[in-house]
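J.: Residue-level listing of the chains:
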Amino acid sequence: MIDTLCDQADASNIAVACVYCDFNAREQSATALFGALLKQVVSALEPIPDQVQKAFGDSKRGVGGRRLLLPDILKMLSKSLSCLRRVFICIDALDEFPAKHRPELWESLQQIILKCTNTRLFLTGRLHIRGEVQKYFPGSANMLRISSGARDIRLYLEMKLRREFELDAMDKELEADILRIIPEVVSGTYVFSQDDEL
Amino acid sequence: MDRMPGVGDWLLLTNEFIRWNQGADAGAKHVLFCYGDPGVGKTYLRYGWQLPLNSMDEAKQ
Numbered sequence: 003m004i005d006t007l008c009d010q011a012d013a014s015n016i017a018v019a020c021v022y023c024d025f026n027a028r029e030q031s032a033t034a035l036f037g038a039l040l041k042q043v044v045s046a047l048e049p050i051p052d053q054v055q056k057a058f059g060d061s062k063r064g065v066g067g068r069r070l071l072l073p074d075i076l077k078m079l080s081k082s083l084s085c086l087r088r089v090f091i092c093i094d095a096l097d098e099f100p101a102k103h104r105p106e107l108w109e110s111l112q113q114i115i116l117k118c119t120n121t122r123l124f125l126t127g128r129l130h131i132r133g134e135v136q137k138y139f140p141g142s143a144n145m146l147r148i149s150s151g152a153r154d155i156r157l158y159l160e161m162k163l164r165r166e167f168e169l170d171a172m173d174k175e176l177e178a179d180i181l182r183i184i185p186e187v188v189s190g191t192y193v194f195s196q197d198d199e200l
Numbered sequence: 255m256d257r258m259p260g261v262g263d264w265l266l267l268t269n270e271f272i273r274w275n276q277g278a279d280a281g282a283k284h285v286l287f288c289y290g291d292p293g294v295g296k297t298y299l300r301y302g303w304q305l306p307l308n309s310m311d312e313a314k315q
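Protein sequence lines, in the order shown, are assigned to chains A and B. Every position in the first sequence, counted from 1, becomes a number in our numbering once 2 is added. Every position in the second sequence, counted from 1, becomes a number in our numbering once 254 is added.
Pulled out of the complex, with its shape left as it was, chain B reads as follows:
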């Protein structure tokens, strides 16, 4: 996938993303819906996921 590093990383810093990714299971908002016009890069966002998964593990250890 031809994805430019750093593009879309702003998403990972939003409160919506952080709560969704790191929130406790009970009472969490389990769904994160990203919407937008065709071509704005919705599909490319999920390719930036290495960061949140790593940081979540570090936080738990």
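One chain only, chain A, in its complex shape:
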């Protein structure tokens, strides 16, 4: 799916770069995360602009074979982003990114959107990350609460019922009950917890 997006994006000078955070990942640092984003954004550039090639060459010489440092990566990322009309950066599950490294991640993202106004950040995470987003992006972040809506649950159940149940174990009445009761119960739980938290 992401590949399809990128195919479309290439033609119109738009790029999409996505990374996700995972508790179980071996190395989770701002350097690794922005390195992955840089790789994706550069691969959307055809040809790779001279200034990006030059920045890459400079960093290679400067660090003498060591791995790139975060400031170099951010510099190259800003240059690469500026070559595109619009870039969407998605970072999924920020709550799984180590808390001790998160300030560095937020500050780097702040730099990016300040320098590259054509860039949009799509971030996801659990509720407790919301305060950090507000702190680091005052006035520049929209917040959306995601829940499993009754309509979505119903669509999913209809598909499952169509595909996966033994015909003789199902009758119309049971099917109607499943489609009525499960979405009501699940979305009802959501309304309650939303009131509870807000």
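Derived by calculation from the structure, the hints in this document are not laboratory data. Check before you lean on any hint, since a few could be wrong.
A short list of chain A residues far from chain B (calculated; beta carbon distances all over 10 Å) [stated by the list, open to error]: (1) 61; (2) 106; (3) 127; (4) 128; (5) 143; (6) 145; (7) 149; (8) 170; (9) 173.
List time: in silico PhoX-like cross-link candidates among lysine-lysine, alpha-carbon distance up to 25 Å [what the hints assert, rightly or not]: (10) 162(A) - 137(A); (11) 137(A) - 283(B); (12) 41(A) - 117(A); (13) 62(A) - 77(A); (14) 117(A) - 283(B); (15) 283(B) - 77(A); (16) 137(A) - 77(A).
What you are looking at is a predicted structure, and each value in this text was computed from that prediction instead of being measured. Note that beta-carbon positions come from the ideal geometry of N, C-alpha and C, so glycine has one too.
Position chain B against the provided structure of chain A, taking the given hints into account.
T.: Positioned in the frame of chain A, the structure of chain B alone reads:
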């Protein structure tokens, strides 16, 4: 990715999403943060992105 078509499309119609996706660069809200409990489908949302990218291009042409 095993994603049910149509699920989560409501997000694309919210004002928050539209402003974030189509707003001019100057003064735009550059960050869209989607939060929620484990398992509600935050990760699956971004797989529904073909629609907004297409519509944005059409609007600009």
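J.: Indicate, hint by hint, whether the structure satisfies it.
T.: These are the hints, each one checked on the structure:
The Cβ of residue 61(A) lies farther than 10 Å from every Cβ of chain B, with a closest approach of about 26 Å, so its non-interface assignment holds. For residue 106(A), the non-interface assignment is confirmed: its Cβ lies about 17 Å from the closest Cβ of chain B, beyond the 10 Å cut-off. In this structure residue 127(A) is not separated from chain B by more than 10 Å, as the shortest Cβ-Cβ distance comes to only about 6 Å. Some Cβ of chain B comes within 10 Å of the Cβ of residue 128(A); the nearest lies about 6 Å off, and the non-interface call is violated.
At roughly 4 Å from the closest C-beta of chain B, the C-beta of residue 143(A) falls inside 10 Å, breaking its exclusion from the interface. For residue 145(A), the shortest C-beta to C-beta distance to chain B comes to about 5 Å, within the 10 Å cut-off, and the non-interface label is violated. Not every CB of chain B lies more than 10 Å from the CB of residue 149(A), the least distance being 5 Å, so the non-interface label is violated. The Cβ of residue 170(A) lies farther than 10 Å from every Cβ of chain B, with a closest approach of about 26 Å, so its non-interface assignment holds.
Residue-level check passed: residue 173(A) sits 24 Å from the nearest beta carbon of chain B, beyond 10 Å. Restraint check: the Cα-Cα separation between residue 162(A) and residue 137(A) comes to about 42 Å, which exceeds 25 Å; the hinted pair is violated. Straight-line distance between C-alpha atoms of residue 137(A) and residue 283(B) comes to about 14 Å, which keeps the hinted pair within the 25 Å bound. In summary, the hint linking residue 41(A) to residue 117(A) is supported, as the alpha carbons are separated by about 19 Å, within the 25 Å threshold.
At most 25 Å may separate the alpha-carbon atoms for a hinted pair to count; residue 62(A) and residue 77(A) meet this at roughly 13 Å. Taken as a hint, the residue 117(A) and residue 283(B) pair is honoured in the structure, with Cα atoms around 14 Å apart against an allowance of 25 Å. Proximity of residue 283(B) to residue 77(A) is assessed by CA-CA distance (about 23 Å); at most 25 Å being required, the pair is judged to hold. Taking the CA atoms of residue 137(A) and residue 77(A), the gap is about 24 Å. The hint holds against a cut of 25 Å.
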